[in-house]
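Turn these sequences into a full structure, and let the hints steer you where they fit.
Residue numbers (my numbering): 507 to 722.
Don't read these hints as lab results, they were simulated from the structure. Worth double-checking, as some hints may not be accurate.
Claimed, not checked - Once the Cα atoms are required to be at most 30 Å apart in a straight line, the calculated DSSO-like pairs of lysine-lysine come out as: (1) K664 with K686; (2) K670 with K604; (3) K650 with K597; (4) K664 with K533; (5) K564 with K533; (6) K670 with K597; (7) K580 with K650; (8) K597 with K627; (9) K580 with K609; (10) K580 with K648; (11) K580 with K664; (12) K555 with K627; (13) K686 with K580; (14) K580 with K627; (15) K555 with K650; (16) K650 with K664; (17) K670 with K564; (18) K597 with K664; (19) K627 with K604.
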Amino acid sequence: SQAWLRNFRLLRHKMTATLRPYLNAVKATLQAALCLENFSSQVVERHNKPEVEVRSSKELLLQPVVISRNDREKVLIEGSINSVRVSIAVKQADEIEKILCHKFMRFMMMRAENFFILRRKPVEGYDISFLITNFHTEQMYKHKLVDFVIHFMEEIDKEISEMKLSVNARARIVAEEFLKNVSRSLLACFSSGTWSCLKSDFSSCSFDGIVVCAFT
507 SQAWLRNFRL LRHKMTATLR PYLNAVKATL QAALCLENFS SQVVERHNKP EVEVRSSKEL
567 LLQPVVISRN DREKVLIEGS INSVRVSIAV KQADEIEKIL CHKFMRFMMM RAENFFILRR
627 KPVEGYDISF LITNFHTEQM YKHKLVDFVI HFMEEIDKEI SEMKLSVNAR ARIVAEEFLK
687 NVSRSLLACF SSGTWSCLKS DFSSCSFDGI VVCAFT
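Shown next, in the form of structure tokens:
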């Protein structure tokens, strides 16, 4: 158990080392995209809406940039004159990570108003999205906004890995307890000489001295 935990942490350390170039690319692209300014709507008078969301004027939109670490882990940065939308696809190697990621993202998006730049609904094909407007850059430091997104990308991978480790450890304990109960029931069957399990969880029968136990 200790050896498995040590190997897991070593693997996670190596993954963190390979994560750094990916995060540096996202950080540099996001810093360049956050050159935002106040811009009134060309469609509705005296309105100011995020052009990356309404997409009413193509000349105000920048070319979207996708930064991909692998086929499951990528970032989409969509820029415009007054807003930037950042969508993140988190690594999900197996079904456990998919469930944990879905629950964790849903928990955060239900509290989007506490994060200011978090969207309640992600862009299709991604797990979570952030919307940064010129009002955010006027009220907050740009480098702090960038650092928040990068820090989130670092921590979400750690959080999901730790939750998965906790789930696996708990499952191992449950499995051990279950197998202990199974072994006790089988020993009771053999020691009683009646070839029958008294536990309600099992049914058994004997054919020419061979005992067959099956789950009910």
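**Request:** Measure nothing beyond the straight line between the CA atoms of K670 and K564; if it is 30 Å or shorter, mark the hint as holding.
**Result:** Distance ~43 Å between K670 and K564 Cα, so the pair is violated.
**Asked** Given the hinted pair K555 and K650, is their alpha-carbon gap at most 30 Å?
**Response** 23 Å, holds
**Message:** Run the distance test for K650 versus K597: straight-line Cα separation, threshold 30 Å.
**Reply:** At roughly 24 Å apart (the allowed maximum being 30 Å), K597 and K650 satisfy the hint.
**Message:** Need the status of pair K597, K664: alpha-carbon distance at most 30 Å?
**Reply:** Status holds; Cα separation ~11 Å.
**Asked** Given the hint that K564 pairs with K533, does the C-alpha gap stay at or below 30 Å?
**Response** It holds: about 25 Å lies between the C-alpha atoms, which stays within 30 Å.
**Agreement of K580 and K627 with the hint, judged by alpha carbon distance not exceeding 30 Å** = 17 Å, holds
**Asked** Is it true that the CA of K686 sits at most 30 Å from the CA of K580?
**Response** 44 Å, violated
**Distance restraint between K597 and K627, which requires alpha-carbon spacing of 30 Å or less** = With Cα atoms ~19 Å apart, K597 and K627 stay inside 30 Å; holds.
**Item:** Distance restraint between K580 and K609, which requires alpha-carbon spacing of 30 Å or less
**Value:** At roughly 20 Å apart (the allowed maximum being 30 Å), K609 and K580 satisfy the hint.
**Asked** Are the Cα positions of K580 and K648 separated by 30 Å at most?
**Response** 22 Å, holds
**Given pair status - K650, K580, alpha carbons within 30 Å** = 22 Å, holds
**Item:** Hinted pair K555 and K627, Cα distance within 30 Å
**Value:** 18 Å, holds
Checked against the numbered hints above, the structure breaks hints 1, 13 and 17 and satisfies the rest.
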